[in-house]
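Construct all of the structure, not just a fragment, from the sequences and the given hints.
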Amino acid sequence: EAQVTQNPRYLITVTGKKLTVTCSQNMNHEYMSWYRQDPGLGLRQIYYSMNVEVTDKGDVPEGYKVSRKEKRNFPLILESPSPNQTSLYFCASSELFIYEQFFGPGTRLTVL
Amino acid sequence: DAKTTQPTSMDCAEGRAANLPCNHSTISGNEYVYWYRQIHSQGPQYIIHGLKNNETNEMASLIITEDRKSSTLILPHATLRDTAVYYCIVRGTNNAGNMLTFGGGTRLMVKP
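Note that the protein sequences, when read in sequence, are chains A and B.
Basically our numbering = 1-based index in the first sequence + 5.
Basically our numbering = 1-based index in the second sequence + 696.
Honestly, the hints are just simulated from the structure, not real lab data.
All C-beta atoms, glycine included, are put in the ideal place defined by N, C-alpha and C.
Please note that the accuracy of each hint is not assured.
[Claimed, not checked] Sample of chain B residues at the chain A side, in silico, Cβ under 10 angstroms:
1) Y730
2) Y732
3) Y783
4) F798
5) G799
6) G800
7) M805
See below:
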């Protein structure tokens, strides 16, 4: 089944404790993105990647890192999480940049 | 990318057609109209997209006016599972980040 998977689905952590949210797609897609969703602010893009080893900032990259060492994986790294990064995170992928994006199920992160 | 305007909420009776309007009066020639929906904090789901011709797939139909300043998403036989927030998004082919800008959307409530 074609899908985007994210892990973990739920995470509660404390300020400053490094964490990684994994994202994997099995559709051989070139493009992958990370979004965060907050009440009243909609979905905002954090980082995107057009291909392996090619990443760039989206609208709200501060406090996040990403890497794209393999085509299927696009982990989101929070080196020193803070409470303002409490949010619902979605990973997405698409075959080409004008094609539809497939979203993962989301990761609900709480930083205390 | 052009801005879109959608009604905040709509109701529809189960089994009837749901017609969701979207205004995008500043759309330019290379910009596509996309529709996504999000069911209660799940990952957004692609529905359909089009450039200037009407489009139909197994989920919905997209009607774009001749001047392309507005469009309507039609769910021909709405079910309770179609209750969701529906997002109309306009994006161009030069959007290198493949970023989708989600506005407020229309909250569709399908009632028995």
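Exercise for the section: Output the numbers, in ascending order, of every earlier hint that fails for this structure. Expected result: Hint 7 is the one this structure does not satisfy, whereas the remaining hints hold.
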